[in-house]
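Colleague: Got two chains here, separate frames each, mind docking them using the hints?
Chains as they are written, first to last, in my numbering: chain A, 1 to 773; chain B, 1 to 203.
Zero decoy hints are in this set.
Label pairs and their in silico Cβ distance ranges:
(1) A:115 to B:81: 26 to 32 Å
(2) A:132 to B:54: 28 to 34 Å
(3) B:186 to A:462: 56 to 62 Å
(4) A:66 to B:180: 54 to 60 Å
(5) B:81 to A:132: 27 to 33 Å
(6) A:158 to B:54: 21 to 27 Å
Which residues of chain A face chain B? A few of them, derived with a C-beta cut under 8 Å, are:
(7) 150
(8) 151
(9) 152
(10) 153
(11) 159
(12) 161
(13) 162
(14) 184
(15) 551
(16) 553
With a cut-off of at most 30 Å between alpha-carbon atoms, the simulated DSSO-like pairs for lysine-lysine come out as follows:
(17) A:432 to A:658
(18) B:120 to B:172
(19) A:465 to A:100
(20) A:159 to A:549
(21) A:215 to A:465
(22) A:107 to B:120
(23) B:82 to B:172
(24) A:107 to A:159
(25) B:176 to A:549
(26) A:432 to A:351
(27) B:82 to B:176
(28) A:557 to B:176
(29) A:465 to A:622
(30) A:107 to B:172
(31) A:601 to B:82
(32) B:172 to A:549
(33) A:215 to A:622
(34) B:145 to A:107
(35) A:159 to B:145
(36) B:172 to A:557
(37) B:176 to A:107
(38) B:145 to A:232
(39) A:465 to A:232
(40) A:159 to B:176
The set of hints was computed from the structure by calculation and includes no laboratory data. Please read these numbers as outputs of a predicted model, since none were measured by experiment. C-beta: ideal position from N, C-alpha, C; glycine also.
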Amino acid sequence: MKSEPVLPQRSEKTVALLWLAVCLALAVALAVLLPRSQLNSSVLALLPQQNLGQAPAEIQHGFMQRLDRQLVWLVSANDQEGEAAAAWWQAQLHALPMLKQVSGELKDDQMQRWGAYAFQHRNGLIDAATRARLQNGGGAQADWILAQLFSAFAGVGSKEIGNDPLLLVRGAQLALQQNDNKMLLHNGWLTVNDAQQRRWYFLHGELASNAFSIKESHQLVTALNQLELQFKTRWPDAQLLTRGTVLFSDDASQRAQHDVETLGSVTLAGLLLLVWLVFRSLRPLALCALSVAIGAMAGTVLTLLCFGELHLTTLVMSLSIVGISADYTLYYLTERMVHGEDATPWQSLHKVRGTLLLALGTTAIAWLLMLLAPFPGLRQLAVFAASGLSASCLTVICFYPWLVRGLPVRPIPAMVWLARWLAAWRRNNWLKRGLPALVAIYAISGMLQLHVDDDIAHLQSAPAKLLAQDRQLAQLTGQQADQTWFVVWGDDEQQALQRLSALTPTLQQAQQQGWFAHYRVLPLSSLAQQQQDVALLQQAAPTILERLKQAGITVAKADLSAMPVTVGDWLASPLSEGWRLLWLSLPDGRSSVLVPIGGVKNSAALQQLASQQAGVSWVDRKASYDELFRFWRTLLSGLLALALLLITASYMLRLGVKAGMRSALPSWLSLAAALATLGWIGASLNLFALLALILVLGIGINYTLFFSNPRGTPLTSMLAVTLAMMTTLLTLGMLVFSSTAAISGFGTVLCSGIFCAFLLAPLALAPGKRKQR
Amino acid sequence: MIRTLCLLLLVMCANASAVTLEQLQQRFASQPVIRANFVQVRTIEGMAQPLVSRGQLLIAQQQGLWWQQVTPFPLMLILDDKRMVQSMSGQPPQVITAESNPQMFQFNHLLRALFQADEKVLRENFELDFHDRGNNRWQLGLTPKAAPLNRIFSRIDLQGDAFLNRITLDDKQGDKTEITLSDTRTEPTQLTDEERARFAPAQ
Chain A
1 MKSEPVLPQR SEKTVALLWL AVCLALAVAL AVLLPRSQLN SSVLALLPQQ NLGQAPAEIQ
61 HGFMQRLDRQ LVWLVSANDQ EGEAAAAWWQ AQLHALPMLK QVSGELKDDQ MQRWGAYAFQ
121 HRNGLIDAAT RARLQNGGGA QADWILAQLF SAFAGVGSKE IGNDPLLLVR GAQLALQQND
181 NKMLLHNGWL TVNDAQQRRW YFLHGELASN AFSIKESHQL VTALNQLELQ FKTRWPDAQL
241 LTRGTVLFSD DASQRAQHDV ETLGSVTLAG LLLLVWLVFR SLRPLALCAL SVAIGAMAGT
301 VLTLLCFGEL HLTTLVMSLS IVGISADYTL YYLTERMVHG EDATPWQSLH KVRGTLLLAL
361 GTTAIAWLLM LLAPFPGLRQ LAVFAASGLS ASCLTVICFY PWLVRGLPVR PIPAMVWLAR
421 WLAAWRRNNW LKRGLPALVA IYAISGMLQL HVDDDIAHLQ SAPAKLLAQD RQLAQLTGQQ
481 ADQTWFVVWG DDEQQALQRL SALTPTLQQA QQQGWFAHYR VLPLSSLAQQ QQDVALLQQA
541 APTILERLKQ AGITVAKADL SAMPVTVGDW LASPLSEGWR LLWLSLPDGR SSVLVPIGGV
601 KNSAALQQLA SQQAGVSWVD RKASYDELFR FWRTLLSGLL ALALLLITAS YMLRLGVKAG
661 MRSALPSWLS LAAALATLGW IGASLNLFAL LALILVLGIG INYTLFFSNP RGTPLTSMLA
721 VTLAMMTTLL TLGMLVFSST AAISGFGTVL CSGIFCAFLL APLALAPGKR KQR
Chain B
1 MIRTLCLLLL VMCANASAVT LEQLQQRFAS QPVIRANFVQ VRTIEGMAQP LVSRGQLLIA
61 QQQGLWWQQV TPFPLMLILD DKRMVQSMSG QPPQVITAES NPQMFQFNHL LRALFQADEK
121 VLRENFELDF HDRGNNRWQL GLTPKAAPLN RIFSRIDLQG DAFLNRITLD DKQGDKTEIT
181 LSDTRTEPTQ LTDEERARFA PAQ
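Chain B with its partners taken away, still in its complex shape (with noise of 0.2 Å):
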């Protein structure tokens, strides 16, 4: 009884902000490509300073997300459908793949997942909470249902206007990662030439 009184309510808040959701939804398909630079605020308990980190980030609905860490190092990340792979300078890159580490490729698809705000995929893992903060800015906000997201994260926050500009993620141990993103572009609609490379199958 009481399961379907909360299903119910679910069923209901998930009506009341669905036209909302869609909204935003059908603003970032309209995205096909995304440009910006970032900022990284990674506060971890215990220690004397907040690690900053800056770049540039392209997330590419069909590709996938790229990811250039500027400062105070290069590292970069690529993440598509089917590897992520980290570079550093001086190491060979580290690769996973769905194949061959499904359970960390997953949770990587789901960070990517928060970029484009994919709602199924959101739906799938996480309790929504969607507020119109007015001025066409929004919140969505984020709860795990289940393990293992359950246990790393205690809440995942989405704020942006026209696009998407903050993700905050708190996890369990009290430690926070905040990114912000600027000067964000979606123009050419198409990847470049050179762009396209950045996601090319050699490592």
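This is chain A alone, in the form it adopts within the complex (with noise of 0.2 Å):
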């Protein structure tokens, strides 16, 4: 120990300043970025992006964006002055500048344009059912258009029969409405019926813009809300419901915002009480919120970088960051508070740098296993703890010894506790020997009643009136919310259109066979396809006009001639209204259509089926997000089991396989323990506490660590660790408390791990070794 240095030598002022034009480039870095930077609140975009198949990932994004600024709305009042509400809440919205496209009612000339264009492109908008009719000279087609004429109920009239005389827009028509469609007109609303025979009236909206801000939909909300409670005052009787993804994320950041403000808060007050209990001096406050600083700065500009945005989950689980980071400062802090007479800070910084080094190593590693799943949120966690904390344990190792000068050398507080706690590990076998027994059967017996549960539903904590609003109202539409769809893609319009087609007897088939309920496509033919029915339609329309003339009527002439149908034009068109959000064109031109698919029963069938197909892939949102989970769940648990394999091993190749043992006993008992206290208050095992789990082992490292320091003197050891345990409870502990269920469930296997570690860090001390102090 003679080497160490006593006063800083140059190279140490050197890394120093280093350390202080790193740390200028980040505070520079940051004042960049976060002007420029967003802050995501998406749920979705905690989960995983979706491996689906091969359709292009902007494809699925397109249709995501788009499907998260969708908004319903029923509206129901009694019978008179259902309309009058219905009108009112338009205009309501209408007023809005945060949405855009509300429709509710349809004008009359809406209408009328309908009629118009389907009229003057009948030629090009054949559906399937006529198709097969003009199909072996038409006779088919002809019989059809008789039974038409003269049934009293289809009401074929003089003007419908004198302009379209093969009655194809009829035709088309009626296969749009055999569509999955529970809507009815009514004065030019849709409106839907319920069991009750309540009529319920129909609106629509959409966000104006992609990049909602938390608090733009914050505001459209709270908008929303105020609006409903004059509608509610107007009409006391009426009922509104509203559907839209806005409606959930805001919760979910509302709540999350509400989290960071109470629990930071308190989780601050505490950590600044406690600190100060210790030092009685206000500098280790400084100190540790100086390297709290450093690290949150550090984490906040890499995960820009690397993302491009924040997302707000980050920003409350980063929480638990601040206790880790404070560890660093506490444990030389102490060694200061005890040492400070004997030694100089550099000697101190000499006796606990390789252990600060090594401590960062293991728990950055932890957080950066994290990186392997598949959820952009963690992610950015990851790479914020990972950065965040290297900065927080580099301005401790850099600035501090030049901090600590003058700071109060006190006696440890409550040394007579922590002296006879240390003393009993050392004496007392019952001690030694029973408490990690008795965690042994804690753990063993809760482990008994775990159960494994992947369902993601289960892990939405929705408000339940959200939920309540979003079942009535798919059961009202028959707009389940639950996505289920194939997504059919090409490299440009036609190719898209032509796999459509090329896919939908395959979807009749798969329908007979009870596979789903119901699906919708979208009723467009490719350029190819309308060509070939214009010459299936020359084919047939002499032998249909000859039969109607024999059956004693007489039509004029049809007109044959092309009448093509291009995407874009149909897309401009009142024809496609209702039908625009199934399709998608990029920039460069590949385009993909959705298929919605109800009351799905064989959701592996449908898989089966989408990979029979080229450019169809087959999407069941909760499912592959199931599975996903699971599949998670199991890798990360084998990465676990395999990281404290390893960490066992090069524990009994430094100390022995004896002393190993013992050092790696507190880890796989603190892990064990956390998960028995899930399976004890009844929580499922699940990806999230599997993530706790390595940061239980990533943190618990920490303490044996710090005890098996061969520089360090157990007392101090001891003084540290009691303060890293009671900080990271500060903070951990407080994710108890989140409103969201897989923080709080987060919450809980760290908490109840890390106490657990702590409780046997001891453990890890050389039996034989001297007391130092």
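Modeller: Dropping the structure here:
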């Protein structure tokens, strides 16, 4: 120990200046990046970027983004007032600048334009049923036209038969109405009747922009809530249902913000109090704040550099990082507080530096393991934590020897208790053997009650009111929220349409097999198909007109010219009303169409069906999330077991078999106890619990390392570990109270695991080692 | 003020004719099954001759409407609470269910209500104009109140005595459909097995 420098050397000055330069650079980067970045609060962003067959990522992203922008309302009031109430609501929505394309009542001219477009393009808009009737000479179409003419229920008028003698518009319209749609047109409104014959009016709107910040979302939701209050005062008996992703994401971000504000301030206050009680000086507070601030700054800059945005949950979870990065400061300051009189700051630093770096290394590796998880939010957190912790630790090592001069030297608070605890660990075999045994019993009995649950729905903790509203809306409109659909894509519009028409017959078969209940296919054919249709028409028309003539019906000559409908035209026409959301074209021309599937019974078979078709993939969002959750939970369990084995092996190599086993025991038991707590409180094992376990391993190892530091004194280590445990519980413990189920479960596992790691950490003390102070 | 006045007038008119319409309603209610022959004449503007079809129909309060056109070509329609099926030889039946197409189904359902003079359904959709023509004969004029009916029909007339005898549909384009019922029978008051089988769900 005599080679330890007493005074700072030149190299240390250089290192400090270098680190200062880095910090300044980080500050500049932060000042540049922060104003341009956005805070992401979409819950979906926390979830994995799905690996959906081969559908191009931009297409999936485009669809998802657009879907998340949609808002739907159903308005219902007493008999006569429903329409007035719906119209009032539509007017209010129109006035909101955050919404665009609010639609409700269809004006007469809109319906006329609808009819005009359908008529002008009738030869290009032939449906599958009409196409089948036109085959084989067209006799079937002739019979069908006669039936329509003679049936009073069909109501074919003189105008219709005069303008469209082949009744093509009628055929296409009938086919359209066969599509799954519960809506009724009533006085220009789309309406739906419930079981009590109460009429609901349908309104639709879209968020005005893609990048809706948390603040804008909240403004919108607040405005909507206020409008709803006014609505309820005007029509006390009226009912209003709303659906939109924005409601859920706003709720989640409001709760997260609430967590940050309340839990964050409680955590901060607790930390300050703890530091003041131990050190009786304001300087450690300032030093803690400095290392935490530099850590947070480095974390933010690196996250922004890597991802271009910061997720709200990253901010919430980084509360935990505050606690961990304070550990390093606390370890060094404890060392200084105890040995401040007989060692220079640099001697103290050299005593703890190796342990600090080892601790940083293990914790950082634990965090970086999370980069493997396919969750963008968690990846951000991993980068944030690893870089933030490194910066905090480097701040301690580079700056603090310069900054601690004059820190008051105090006896260790509660020294008697800590010393007794340590002594008991050395001498009392009952404690040494009994406590681990007790923990083991707790762990095993708890783990027996543990069950696994990968259902993503159980992690969502949206308020019951929103969920009930969503369910009622789904029931009324038949538009389920369980996003199941086929994605059909192609290099250009026409290829996408051709693939769509290739898929359609197999869908009919699948429906007959009972694999699903209903589906919606975009009513548009490719240009090639339209050409074939016109040829078919020209072939069949003479026969049809002849047959009608035989039945005594003379009609005008049919116009059999091509009336091609391009995708662009169609999308701009009133005909695509209600269908546009299913179509997406990228700027490079690649195009895609969704085929929503309802009442799915056999997701695996549909997956199989999609894999047999070119350019088709099957999306069952919830099922695939559940599957991903399961996959990653299993993978991380394996990684965790591997890490444990590696750590145990490294201990055994370093310390010998017996001592190595003893040092590794706290890690094993703390992980087991954390799992057991989940079992005891009746929670289930999921991916988030696994991620917490990784942290338990990383942080718990710190404690063991602090104790096994051959240069440290056990009592100082004991104090540092106690402080570290308390700060961790203060910070991560707060996560238990988070209103988001996933975060709270994360907190539970962490707290129980870390407390157990703290309890058992003295096991790592070398048994024969002399007590130094 | 004007609205109140109109409303008042409407209530008074309804009251004035309520007794007879009610009687009619009761009469129809006492006829759970009606069998008849029909002649339908559809006059479509611009067409040299009207479309005339003949056949039989069956209206059962529980099951619905069965419509069998015999000439000039066979065509069968079944209309019940849940679906409308149109079948003709050599083609797959065209089925419209309340689930798959409430719009069209509602319309058809309304037409069925005409045959049964279902006052509740009629009153919801039409302004009613009831006249006693003497000798037990009556006429009920219907003017549609709301879209989409008021875009299709200008007026619908029902005429009858002990039974419904004639339905006349005047549509907005000047076309006209007249359905005349004859040889109306109400016995037996229950459907025979064969008749019941016509409404069986199999298409």
